[in-house]
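There are 2 protein chains.
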Amino acid sequence: MTFDALTRDQLQALHDDQQAKYDALKAAGLTLDLTRGKPSPEQLDLSSDLLTLPGPDFKDSKGIDTRNYGGIEGLTELRAIFAEILHLPVEQVVAGDNASLAMMHDSLVFALLRGTPDSPRPWVEEDEVTFICPVPGYDRHFALTEQYGIRMAPVEMRPDGPDMTAVRELAADPSVKGMWLVPTYSNPTGAVVSEAVAAELAAMETAAPDFRIFWDNAYAVHHLTEQRTKTPDIAGLSAASGHPNRPILFASTSKITFAGSGVCFLGSSEENVAWYLRLLGKRTIGPDKLNHLRHARHLRDLDGVLDLMDRHRAILAPKFAAVLEILEDRLGGHGVATWSEPKGGYFVSLDVVDGTASRVVELCKEAGIALTPAGSSFPHGQDPRDRNIRIAPSFPSIDDLRAAMDGLATCVLLAAAEKQLAS
Amino acid sequence: MTFDALTRDQLQALHDDQQAKYDALKAAGLTLDLTRGKPSPEQLDLSSDLLTLPGPDFKDSKGIDTRNYGGIEGLTELRAIFAEILHLPVEQVVAGDNASLAMMHDSLVFALLRGTPDSPRPWVEEDEVTFICPVPGYDRHFALTEQYGIRMAPVEMRPDGPDMTAVRELAADPSVKGMWLVPTYSNPTGAVVSEAVAAELAAMETAAPDFRIFWDNAYAVHHLTEQRTKTPDIAGLSAASGHPNRPILFASTSKITFAGSGVCFLGSSEENVAWYLRLLGKRTIGPDKLNHLRHARHLRDLDGVLDLMDRHRAILAPKFAAVLEILEDRLGGHGVATWSEPKGGYFVSLDVVDGTASRVVELCKEAGIALTPAGSSFPHGQDPRDRNIRIAPSFPSIDDLRAAMDGLATCVLLAAAEKQLAS
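Chain order of the listed sequences is S and P.
Residue numbering for the first sequence follows my numbering, starting at 11 and increasing by one per position.
Residue numbering for the second sequence follows my numbering, starting at 11 and increasing by one per position.
Worth double-checking, as some hints may not be accurate.
Taking lysine-lysine and the DSSO-like style, the derived pairs with C-alpha atoms no more than 30 Å apart in a straight line are [said to hold, decoys possible]:
#1 P:K69 with P:K292
#2 S:K69 with P:K69
#3 S:K36 with S:K375
#4 P:K292 with P:K31
#5 P:K72 with S:K375
#6 P:K292 with S:K292
#7 P:K292 with S:K353
#8 P:K353 with S:K292
#9 P:K31 with S:K375
#10 S:K292 with S:K69
#11 P:K429 with P:K375
#12 S:K375 with P:K292
#13 P:K72 with P:K353
#14 S:K36 with S:K429
#15 P:K375 with S:K69
#16 P:K292 with S:K72
#17 S:K292 with P:K375
Here are the in silico distance ranges between beta carbons for each label pair [to be verified]:
#18 S:E166 with P:P130: 36 to 44 Å
#19 S:D137 with P:A380: 44 to 52 Å
#20 S:T175 with P:A182: 55 to 63 Å
If you are wondering where the hints come from, they were derived from the structure by calculation, not from laboratory data.
The structure presented is a predicted model; accordingly, all values stated were derived computationally and were not measured.
Virtual Cβ for every residue (Gly too), placed ideally from N, Cα, C.
With the sequences and hints as input, model every part of the structure.
Shown next, in the form of structure tokens:
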């Protein structure tokens with residue numbers, strides 16, 4: 011029965027029941043963590059080869075000594091694999107070090123300090139720079155934009171992509187220079203940008219001639235079902251619409267191989283890639299090519315990546331199933347929460363009763379269950395409805411995960427009952 | 011006999027002799043390269059352990075799984091080694107990825123876009139920002155400053171450091187926000203900043219409250235003789251003078267282990283390090299800790315580093331000796347060139363007859379000997395006297411190096427004779 015349909019006595023009884031559960035939970039002295047989308051040790055073990063690679067042969071397929079300086083664009087054989095994933099020619103894909111966030115940062119910094127190839131002036135010389143931010147979204151995107159004083163304009167992230175009416179309206183403002191977007195298995199809702207939405211994004215009018223889509227395809231191959239969702243070819247669509255420089259694509263092996271020691275990728279038009287490499291060339295002589303070689307030998311080719319991702323799925327899918335099972339079992343039918351059922355990616359997005367997300371996170375914390383702060387999926391950490399909670403099921407063991415989810419469900423019910431009783 | 015003392019006929023005979031040598035050189039069809047300070051394959055072989063490290067044990071001394079995310083400051087045991095080298099507590103040293111240039115870039119970008127802890131405003135909001143550039147100096151420093159529109163004010167680099175009269179005068183201008191400095195075995199002259207000069211740099215008045223010394227100790231342990239020159243403790247001197255935030259120290263293993271796959275370090279005051287990490291934390295979740303672990307196991311401790319550097323010296327010292335021997339043998343006594351005799355580092359700095367460096371580089375190029383463009387050790391690539399040539403002896407085999415140096419000497423003499431005959 012939904013909370014709305016309960017009498018006050020029934021509600022009080024439910025509250026007291028959850029309070030008793032919660033007291034028991036606190037007494038259990040748990041230390042559980044659902045905060046970050048970190049691969050588990052079992053997932054990392056899938057890439058143990060990397061611990062002893064490359065071995066004595068340190069030359070790439072062209073005979074280049076990967077130990078020495080040079081090759082700012084990265085190792086060709088590794089870029090070739092991700093060129094397939096990003097639907098781009100290998101010449102338009104750059105391999106970097108271990109964090110695609112760093113490539114996003116640097117692209118933003120280069121635009122701010124030097125302007126893009128299409129900019130009338132460096133972005134720091136504009137009165138205001140605004141980025142469109144689909145919400146809920148990735149907290150680190152927003153933190154980066156915030157750091158450099160870029161105004162953030164939230165738009166709703168729907169199951170097939172951002173609310174395009176809102177995006178088009180914002181893009182008519184010349185201060186709007188770009189947008190964040192995780193196109194596939196978006197963080198945290200698992201939304202997948204459809205072909206139609208991608209085509210609109212590629213074709214739409216923008217007042218800024220240097221409008222950029224930061225297309226963060228972090229979960230391009232991170233499927234949780236047998237269906238391998240295909241990301242729209244945003245580069246091809248944009249080029250066909252006469253906006254070849256609009257999208258900058260990012261990807262990484264952080265959740266394919268080792269989270270802290272992977273390789274990241276940037277792909278874009280020829281002109282954007284030349285721009286990026288020219289400016290990057292003053293920052294570094296080249297990326298860690300030896301790590302590229304390790305990865306090329308470990309992953310082999312696209313099939314190698316997909317096989318590896320199947321093995322990740324075998325570990326991850328039961329964890330996501332457990333999360334959904336407990337949410338349904340504990341919260342289903344009460345009308346106090348809705349949640350995403352992602353087909354890939356690293357998160358479940360939970361919406362609780364408006365105005366109670368902070369309370370849920372606080373209750374969990376006191377019971378030893380760490381959650382990402384409420385609001386963290388919104389610009390400046392401000393969820394206007396205080397309802398969204400991001401659940402990261404990947405890192406804990408399945409037993410810990412079940413315990414944490416059960417505790418979380420208790421807190422959701424308790425907070426909802428508290429609110430209803432106080433109203 | 012010096013050129014000045016020759017009769018015109020003697021000079022013409024010398025010219026013709028060198029022209030004949032040069033024609034023979036061109037006919038030999040060499041392909042030699044003295045451009046960049048790259049370690050040779052034999053040097054890289056000294057760190058072959060890294061090709062299979064870390065092996066199955068991927069945990070650091072604290073039990074942290076180095077494969078996963080986190081630890082933005084880098085692995086403690088590796089930072090400890092470089093903390094000793096930089097005379098800093100380990101808490102004030104950050105380990106990054108493979109390029110200290112990247113740490114310099116990011117420090118500069120953070121200062122430009124956000125300001126330092128002592129800045130009244132971000133540097134981009136200043137009318138002008140100027141860096142003091144000791145010359146000849148490192149071309150990549152100057153290229154980085156140039157990229158972001160920072161004015162460069164050259165001062166003479168002397169054997170014991172920059173011309174401090176000129177530095178003090180410049181620092182009295184509030185637009186002068188910083189300076190580049192390679193304190194030990196400076197690129198390209200091999201100059202070593204003395205304790206006295208370091209103390210002056212630490213104590214001097216600067217009009218800008220946020221004046222920064224980018225102290226690039228790239229060659230801290232890169233000795234070419236048995237004497238292990240000690241770099242002045244610029245952080246300690248600056249703190250004692252009431253300017254703890256003035257210096258930012260950089261170092262790397264690029265020329266200790268693998269040039270393209272090493273680890274870089276930044277060290278500074280507590281306040282500067284907190285500032286750097288706070289801003290860096292929006293760029294990345296952490297550096298490649300697995301590569302830190304490889305390095306910590308390979309290098310072990312400071313003695314391990316010094317032992318390894320002795321083995322580098324055994325390879326490098328004969329190459330530098332060959333360069334100096336050929337310069338003395340071919341150019342000594344002619345009064346057409348002077349050169350540095352470095353006790354460490356990666357370069358020999360050659361000054362030829364004023365106005366002939368470009369011609370020498372051009373002659374060499376036509377004979378298949380690649381040199382760094384004339385002027386590259388100066389801001390904007392402009393050597394006002396067109397006399398400086400940077401020689402990088404490390405990469406070629408000793409036979410190739412001898413052939414290249416002999417060819418270079420021929421070109422120096424030929425260009426000098428051409429100029430004298432035309433005058």
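Verification of the hints:
Using a Cα cut-off of 30 Å, the hinted pair P:K69 and P:K292 holds, with the two alpha carbons roughly 25 Å apart. Straight-line distance between C-alpha atoms of S:K69 and P:K69 comes to about 28 Å, which keeps the hinted pair within the 30 Å bound. Distance check on the hinted pair: S:K36 and S:K375 sit about 10 Å apart at the alpha-carbon level, within 30 Å; holds. Of the supplied pair hints, the one linking P:K292 and P:K31 is violated, its CA atoms being roughly 59 Å apart against a limit of 30 Å.
In summary, the hint linking P:K72 to S:K375 is supported, as the alpha carbons are separated by about 26 Å, within the 30 Å threshold. Between P:K292 and S:K292 the CA atoms are separated by roughly 21 Å; this keeps the pair inside 30 Å, and the hint holds. About 28 Å separates the Cα atoms of P:K292 and S:K353, which keeps this hinted pair within 30 Å; it holds. Note on P:K353 and S:K292: the hinted pairing holds, with a Cα-Cα distance of about 28 Å set against a maximum of 30 Å.
Taking the CA atoms of P:K31 and S:K375, the gap is near 81 Å; set against the 30 Å cutoff, the hint is violated. Proposed proximity of S:K292 and S:K69 is supported: the alpha carbons are some 25 Å apart, at most 30 Å. Pair hint P:K429 plus P:K375 holds up; C-alpha atoms about 19 Å apart against a cutoff of 30 Å. Simply put, S:K375 and P:K292 have alpha-carbon atoms about 25 Å apart, close enough for the 30 Å limit, and the pair holds.
In summary, the hint linking P:K72 to P:K353 is not supported, as the alpha carbons are separated by about 39 Å, beyond the 30 Å threshold. Simply put, S:K36 and S:K429 have alpha-carbon atoms about 21 Å apart, close enough for the 30 Å limit, and the pair holds. As the CA atoms of P:K375 and S:K69 are separated by approximately 28 Å, the hinted pair is consistent with the 30 Å bound. Taken as a hint, the P:K292 and S:K72 pair is broken in the structure, with Cα atoms around 36 Å apart against an allowance of 30 Å.
About 25 Å separates the Cα atoms of S:K292 and P:K375, which keeps this hinted pair within 30 Å; it holds. The given range of 36 to 44 Å is respected by S:E166 and P:P130, whose C-beta atoms sit roughly 40 Å from each other. A hinted range of 44 to 52 Å for the beta carbons of S:D137 and P:A380 is consistent with their spacing of about 48 Å. At about 58 Å, the beta-carbon gap between S:T175 and P:A182 stays in the expected band of 55 to 63 Å.
Hints 4, 9, 13, 16, counting from the list given before, are not met by this structure.
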